[in-house]
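Participant: Build out the structure end to end from the sequences listed, making use of the hints.
Quick note, the sequences are listed as chains X and A, same order. For the record, in the first sequence the residue sitting at position 198 is 198 according to the UniProt record's numbering, with numbers rising by one throughout. For the record, in the second sequence the residue sitting at position 116 is 116 according to the UniProt record's numbering, with numbers rising by one throughout.
Just to be clear, a hint being listed does not mean it is correct.
Ranges between beta-carbon positions, derived for each pair [unchecked claim]:
#: 1; chain 1: X; residue 1: A211; chain 2: A; residue 2: F110; range: 51 to 61 Å
#: 2; chain 1: A; residue 1: D61; chain 2: X; residue 2: D65; range: 44 to 54 Å
#: 3; chain 1: X; residue 1: Q36; chain 2: A; residue 2: P28; range: 12 to 22 Å
Examples of chain A residues toward chain X, derived with CB under 7 Å [as the list claims (entries may be wrong)]:
#: 4; residue: L8
#: 5; residue: A18
#: 6; residue: T22
#: 7; residue: H23
#: 8; residue: A25
#: 9; residue: S68
#: 10; residue: H69
#: 11; residue: T72
So these bits of chain A aren't anywhere near chain X, every CB distance computed over 10 Å [claimed, not checked]:
#: 12; residue: G10
#: 13; residue: T14
#: 14; residue: A15
#: 15; residue: R20
#: 16; residue: W62
Worth flagging that the hints you see were computed from the coordinates, not collected in a lab. Don't be surprised by glycine CBs; every beta carbon is placed ideally from N, CA and C.
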Amino acid sequence: MSLLEAALRAASVLAAFLVLPLLVGQAEHKVMAHMQGRLGPMYAGGFHGWAQLVADGVKFVQKEDITPRAADRWVFRLAPAVALIPYLLAMATIPIHPGVAAVDVPGSLVLVLAATSVGALGTLMAGWASANKYALLGGLRAAAQLVSYELPIVLALASIAMAGGSLSLMALTQAWSPWWLLWQLPGGLVFLVAACAELQRPPFDMPVADAELVMGAWTEYTGLRFAFFLLAEYAGIVVMSLLFAVLWLGGWHGPFEGTLGWLWTLLKGFGVAVLVIWVRVAWPRLREDQLQRLAWLWLVPIALAQLLLTGAGVVMGW
Amino acid sequence: MRPLPGILKGLITTARTALRPTHTAEYPDVAPELPPRSRGVIALLEENCTSCMLCARECPDWCIYIDSHKETIPATTEGGRDRQRNVLDRFAIDFSLCMYCGICIEVCPFDALHWSPQFEYAEVDLLDLLHEKDRLGGWMASVPPPPALDEKAAEPAEIAAANRPARGAGLAGGAGGAGGSGPRMPRTVRPRAAGSPRPDAGSPPPDAGSPPPDAGEASP
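Facilitator: Set out below in C-alpha cells:
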C-alpha cells in the first residue's frame with residue numbers, strides 16, 4: 001500500500017466518521033419527533049432543519065471549555081478522546097463492499113470488539129475524573145454495564161465467527177448466506193440489545209440518566225468535549241449498526257448486488273440505526289437491577305445456547 | 001417472556017404515530033385558533049368608565065390604578081343645582097401582577113372592561129407590562145363581538161325595558177281584549193317604585209362615582 005493510498009483511505013474513513021453519525025443524529029431528531037407526533041427541528045438550514053446538527057456543532061464550539069479544579073485533570077480531558085477514537089478505528093475495519101474496507105486485517109472482528117469495549121471506558125474515565133458525585137455514580141453504573149454487556153456481545157460474535165469459520169469481517173460477510181438470518185437470529189437479537197446497552201442508549205442509559213444523575217458521567221463536561229461524547233454515541237450507533245448489517249444481514253448481499261453493492265451495506269446499517277432509535281422512543285429506561293437481570297438471566301444464556309446451536313450446525317455441516 | 005407483549009405494543013404504538021400526520025401547532029408561523037372567551041389582555045373602553053373604582057377594589061392583586069378628578073357641570077336650568085361628574089385621569093393595569101381572574105371585568109357595571117384574545121404582549125422589561133389608559137384602549141379594537149344569545153334566552157334587560165309599553169298604556173290594551181293574552185295584565189309598574197317616596201329621598205345624592213341604584217336591574 002502506497003503512502004498516497006493510505007492517506008486516501010484514512011481520509012475516506014474520517015469523512016465517513018464525520019458524516020454518518022450526523023446522518024444518524026438527524027435521523028434520530030426526525031424519527032423521534034414523528035414517533036411522538038412532533039415535527040422536530042424545522043429552521044436550521046431551510047429544508048426541514050437538515051443543518052440542525054451542524055448548527056449544534058457551531059454552538060458547542062463557541063462554549064467555554066471548563067475543567068473543574070478538583071478534577072483529575074488529564075484523565076478528565078482525555079476521556080472524550082478515549083470515547084471517540086476507538087469508534088474511528090472500528091469504522092476503518094468494517095467492510096462495505098467485497099474488498100472495500102479502509103483496513104482489511106485478518107483479525108478485524110477481534111479488533112472491532114476490542115475497540116468498541118475501549119469506547120465505553122471513556123464514560124468510566126469521565127465519571128471517575130470529574131470529582132462529582134453524580135458523575136461518579138454514572139461512572140460506576142457505566143462500569144457495571146460494561147462488565148455485564150461485554151459478555152453477550154463477545155458470545156454473539158463468537159457464534160458468528162464459528163459459523164463463518166474466520167475472524168475477518170470480510171471473510172465472514174463473504175461466507176454469509178440467507179440461511180443465517182434464521183440460524184443466527186437469537187445471537188443477533190442478543191447482539192442488538194447488548195449493543196444498545198454498550199452505547200448507553202435508552203432504554204439502557206442509566207449511566208447518563210439525565211433525570212436523576214443530571215447526565216451522569218458527562219455532568220461536568222462543557223462545549224466541545226461534551227459534543228465529543230455525543231458524537232461518540234452516534235459514531236457508536238453507526239459502528240454497531242454496520243457491524244450488525246455486515247455480520248447478520250449479509251452486508252452487500254441482496255438483490256441487484258452488482259449495482260447497489262456498498263449502498264446495500266449502508267442501507268442495511270441505516271435500517272438498523274433506525275431500529276436503535278425506534279427502541280429509544282418506544283421503551284422507558286430500565287432500572288439498574290433490571291439491567292443486570294436482563295444481561296445475566298437472558299442475554300448470556302441465549303448467547304450460550306446460540307453458541308451451542310452454531311457449534312452443532314458447524315459440526316453437522318448445515 | 002412476560003413483558004414481551006407490552007414491549008411489542010410500545011413499538012407498534014410509536015410506529016403508528018410516526019405514520020400519522022403530526023399535530024404540531026406551528027405557533028409563531030401559524031396563528032393559534034383560540035377558543036371563544038380567551039383571556040388574553042384586558043381592554044378598556046374609556047367612554048364607559050365612570051371611575052367608580054369597583055374594579056380596582058375587587059382586584060385580588062391590586063394591579064389596577066385609577067386616578068380621577070371631579071368636574072362641575074353647571075346647572076342647565078335657572079336656579080338648578082350644579083352637577084358633578086368624574087373625569088378619568090389615569091387607568092392602568094399592571095400585567096406583571098395581574099392573574100387574569102377576570103373579576104374586574106365581571107364587576108364593571110358599565111361594560112368598560114373587556115377580554116381581548118390578544119396574548120402576545122410579552123416585554124423585555126417587567127416595567128413595560130404596566131399598560132396605561134391609551135394602551136388599554138388600543139386593545140379594544142381586538143375585542144370580538146359578544147356571542148349571540150341562545151335562541152330561547154330572555155331578552156337583554158335594555159331591550160326588554162325599551163320594548164315595555166308606556167305607563168298606563170297597559171290598562172287600555174287590556175280593555176281592548178287582545179287575543180291570547182286576555183286576562184294577563186302587562187306589568188307596567190316596577191316592583192320597587194310603588195308610588196311611595198323612597199326612604200332615602202331626603203338624603204344627599206350618593207357619590208357620583210357609584211352606579212345609579214337601578215342601573216344593575218338585569219332580570220326583566
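Participant: Could you tell me which of the hints above the structure violates, numbers in ascending order?
Facilitator: The structure breaks hints 4, 8, 9, 10, 11, 12, 13, 14 and 15; every other hint is satisfied.
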